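Student: Let's have the full structure, built from the sequences with the hints guiding it.
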Amino acid sequence: MSKFRASGNKELPPISTASLPDIVFMLLFFFMVTTTMREVTLNVKVKLPNATELSKLEKKSLVSYIYIGEPLKQWQAKFGIAPRIQLNDQFAGVADISNFVIAEREARDEAERPQMITSLKVDENTKMGIVADVKQELRKAAALHINYSSRKKP
Amino acid sequence: MSKKMPEVPAASLADIAFMLLIFFLVTTTMDVDSGLERRLPQWVEEQQDEEVDVKERNIFVVLVNRNNDLLVENEWTNIGELREKAKEFMANPADDVNLPEKEPKEIPFFGEVMVTKGVISLSNDLDTKYGTYIAVQNELVAAINELRDELAKSKFQKSYKDLEKEQQDAIRDIYPSRISEAEPKKRN
Chain A
1 MSKFRASGNK ELPPISTASL PDIVFMLLFF FMVTTTMREV TLNVKVKLPN ATELSKLEKK
61 SLVSYIYIGE PLKQWQAKFG IAPRIQLNDQ FAGVADISNF VIAEREARDE AERPQMITSL
121 KVDENTKMGI VADVKQELRK AAALHINYSS RKKP
Chain B
1 MSKKMPEVPA ASLADIAFML LIFFLVTTTM DVDSGLERRL PQWVEEQQDE EVDVKERNIF
61 VVLVNRNNDL LVENEWTNIG ELREKAKEFM ANPADDVNLP EKEPKEIPFF GEVMVTKGVI
121 SLSNDLDTKY GTYIAVQNEL VAAINELRDE LAKSKFQKSY KDLEKEQQDA IRDIYPSRIS
181 EAEPKKRN
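As given, the protein sequences belong to chains A and B, one line each in that order. Heads up: the first sequence at position 118 corresponds to 118 in the numbering used here, and the numbers run straight through without jumps. Heads up: the second sequence at position 119 corresponds to 119 in the numbering used here, and the numbers run straight through without jumps.
Don't read these hints as lab results, they were simulated from the structure. Everything numeric in this text was worked out from a predicted model, so none of it was measured. Using N, Cα and C, we set each Cβ at its ideal position, and we do this for glycine too. Hints may be right or wrong, so weigh each one.
To be verified - Stretch by stretch, here's where chain A covers chain B in the computed footprint (C-beta under 8 Å, at least three residues): (1) 15-28; (2) 76-88; (3) 121-127; (4) 141-150; (5) 166-176.
Tutor: Written as structure tokens, this is what we have:
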């Protein structure tokens, strides 16, 4: 009949899956490059405030984080609902900040230490009292470069 | 005739790659960390009582109370008006006697320019909400950034962030970011 059926082979050839690993690897590399792993599990609720004049934190490795906010539900029985400070994975007091800053500083190369930034991730309903205390401690520890973490105003 | 090595089956390669892919998909967070960048003043040991002599007209006083109300230069103000007021203060286009003085300064690209001596002073109550504090900070930073941007547009026909570093430095010298924060007062 028509010349398209001339071969006589009625079955469709299977689609080659040989290039599937390549495609998947490409996706994989994309996500590996863009990913940033969460280093800490948050014990406090942090809803960041909105702002417009944002600057990005470029070098992740030079940033240390201080979280302030209400403890999460499972911690409220133990710590109450007053805003608390979280350093690394645990709750901390204002007095622990200087040690935290020193430990963070020790963990970096000497050449990079002047560029270190402390990022304050503070819940927007927190009172300024505790934030002011933290700032005073940071000044005492000479961690003067700070970043008030905030969300882009829509 | 040489013996052929048996080929390694590559069929499971896709499965392994998929597994890794799913792992990274789950753990990935795309958000970029950003925020308001500030520098804290150097810590000084208990010598707050020596007053720095700054004239009244050179200070832009912003007070935020515990109910998150704003008092700007002794006037109740909405947060929406703060940016305009701060801009007017820092620029002082009409050389108003109630707005800050200016001093001549030699600046690259511009020659001799009158540079403002104004300082923004921000103080807040310990019970002020952090969200309000950030909103106020944001408006003040925005005011300075807008002034810089306007100057950059009129001088170089480019927005501030597209300028060369030396040009940015020159503009930063004309509109310095001088926001001073008062030490928190202990309430008795």
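Student: Indicate, hint by hint, whether the structure satisfies it.
Tutor: Hint by hint, here is what the structure shows:
Requiring three or more residues with a Cβ within less than 8 Å of a Cβ of chain A, the coverage given for the region 15-28 of chain B holds, as 8 such residues are present. Coverage of the region 76-88 of chain B by chain A is violated. Counting CB-CB distances below 8 Å, 0 residues qualify, and the rule asks for three or more. Under the rule that three or more residues need a Cβ within less than 8 Å of chain A, the assignment of the region 121-127 of chain B holds, with 4 such residues. Counting residues of the region 141-150 of chain B whose CB lies closer than 8 Å to any CB of chain A gives 3, which reaches the minimum of 3, so the coverage claim holds.
With 0 residues carrying a beta carbon less than 8 Å from a beta carbon of chain A, the region 166-176 of chain B misses the three-residue requirement, and the given coverage is violated.
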